[in-house]
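Starting from the structure of chain H, add chain S where the hints point.
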Amino acid sequence: MADRVPSPLPGEPRPLAGVRPRTIVIGLGNPLLGDDGVGWRVADEVEELVAAAQAAGRPIPDVDIERLGVGGLRLMECLTGYSAAILVDAAEFPDRPAGEVRSCCFEDLADFAAGHLDSAHDASLRTALALGRRLGASLPDDIQAVTVQAHRTDEFSEELSPEVSAAVPAAARAVMELLAGPAAIQVQMPKSAAIG
Amino acid sequence: MERITIDPVTRLEGHGKIELFLDPDGEVANAYFQIPELRGFERFCVGRPVEEMPTLTNRICGVCPEAHHMAAAKAADAVYHVDPPRTAKLLRELLYSAFYVTDHTTHFYALGGPDFVVGPDAPAAERNILGVLAKVGMEVGGQVIQARKNGHNVIEMIGGRKIHPATAVPGGMTSGITEEERVEIEKIGRWSIEFAQFSLGIFDKIVLGNDAYKEMVLSDGYTNRTYYMGLLDANNKVNFYDGRVGIMSPDGTRVGTYAPAEYRDWIAEHVEPWTYLKFPYLKKVGWKGFVDGVDSGIYCATPLSRLNNADGMATSLAQAAYEKFYETLAPKPESGGKRIVHHTLATHWARLIELLYAAERMVELATDPEITSTNTRVLPTEKPTEGVGTVEAPRGTLTHHYWTDERGVLTAVNLVVGTTNNYAPMAMSIKKAAQSLIHKGQVTDGLLNRVEMAFRLYDPCFGCATHSLPGEMPLQVAIRNSDGEVIELLKQNC
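These protein sequences, in sequence, are chains H and S.
Read in order, the letters of the first sequence correspond to residues 15 to 210 in the numbering used here.
Read in order, the letters of the second sequence correspond to residues 16 to 509 in the numbering used here.
Please note: incorrect hints may appear among the correct ones.
Pairwise CB distance ranges, derived in the manner of DEER restraints [said to hold, decoys possible]:
| id | chain 1 | residue 1 | chain 2 | residue 2 | range |
| --- | --- | --- | --- | --- | --- |
| 1 | S | N225 | H | P108 | 36 to 46 Å |
| 2 | H | R110 | S | A139 | 25 to 35 Å |
| 3 | S | P288 | H | P108 | 27 to 37 Å |
| 4 | S | E194 | H | E172 | 33 to 43 Å |
| 5 | H | H165 | S | E338 | 46 to 56 Å |
| 6 | S | R240 | H | E191 | 27 to 37 Å |
Don't read these hints as lab results, they were simulated from the structure.
Note that the Cβ used here is the ideal one computed from N, Cα and C, for glycine as well.
The following block holds chain H by itself, in its conformation from the complex:
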């Protein structure tokens, strides 16, 4: 049996030609379940903003942008090889208004129910990251989360509810500010808050 897993795990998102990007932005969610798809929409908008910034010659770190509907081990496997990650997801914090955008370090999220960061069918992302690190995988030290408070995520629809749709530009700007550097992080999450 192998003593360690080679790092990074092969088969993960391919780097841009030449230099491997150090940051990955992942829009998490299910685009068929209403507001649960907001992460993907934000990823779409971030992609346009990054392209516009590059076209305008503005400095922007090399970044890969993915859209995924996974959690746990699978999500960890997709983070290997990057030094920073920004995860964008719908949230269901208690008593928060639909459309509210929040940014924080992943570590500051409560230790359960962290959206697509967890899966009902394998390990939580927290556990999966710990596993990956123990196995020697190259995983980001810096993981940030941008969340958009959802209204409905349990009904099949390709549409976002109006408040959530209106929040997509703000969430994309929050991602761009994180890409610009840690000083731009806006809101620190209280440790007792939870998603979902």
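Structure of chain S alone, referenced to chain H:
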């Protein structure tokens, strides 16, 4: 006693709710189980072309997209009255077998395994894959990751993408595989056989070698004598991709088999006022309440069901494991002649036997002379009407039923997902587990985990595609005394 009404709450805030009612002696009299449900899928699909369904239904479930992909492709074949070429069926089943290796591996090491390998009463922080690896060796973690990587690579080679395959279409597959890919897939299959045997070895040593675990597996609290459902090949052996649906009674008599399109002749749904979920049951036997036994039409569809339902496994190593399974847990046949294991925790062992079968089947399919043929599709020519496609999802028999107009545009859709089959058995398992853990009004420590264990073994798919259900299922258990007052409220993750 005050009358308590349990509303079928419209939104369960992303978590499951269990209400336990105690009798005047403090024993569990009734248990009601409510879980979040995803709504509106049928409405969502109407008006779409049926050939979209294999890639659309991929996205229903973030965990078993491959299962929906295959069921949808088969239903679309049926809608167009077309029979795919043999190579297409081989490729679909090969992809599906690789998916089973990945899915069952993940479940055992990350979800089911922790309960046994670490122990059901260990602190929550240790009851996860890291706790398992601390006991069996960290290098096993590398193997688990390798098994998953292998599975994703095979799925990508055949299905075009790592997780959400896109190549099954009405009439077959959009493309085949090269000889180079075939060699790689065969190699992965052989590696997977060794890994499956290693995993069975862990179970043997750590679970069966531990008297306390064995006692728990055999305990009445985790025993349900229900009917069992699963797909059977022409020799009545387990098959995940195709076959007739078989039903086995709890007394070891085969009730019969049916073509997937006949499901409505066999299965009806029972409605309860306290939940929007419906409880499927066997029409021939009838609904008799949340009870087990031959007179109750409740059935389940799980790895354990598939093994109970079949005459054996179609590959030699899995067959040997199957025989050992029954010799250990059900040495005496039931009155109908077949050995049946009614101990629900044994589902975790059954899952590993299926893992071995899936790996052996990968090698069989990868070495079939027609697997690299380029004849992978028959173009549909008949008018589309209606069709049913059924596969075994890891968590139960999955059925897609489509109706279309003459252009192949959907007019109606019905899905029976794997977990739906298991709603009634889950409710019974929860009640039994609770009954064994609450006596004279005293709640045993670890009730929440033990109750969750009772339904987690079904590997349930509760709104699994939403973000609001984490690895530790958000769950609230309210325990009420005989006056209906809540005497204890236990919560996890909510």
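Worksheet item: What hints, given by number in increasing order, does this structure fail?
Response: Of the numbered hints given earlier, the structure breaks just one, which is hint 6.
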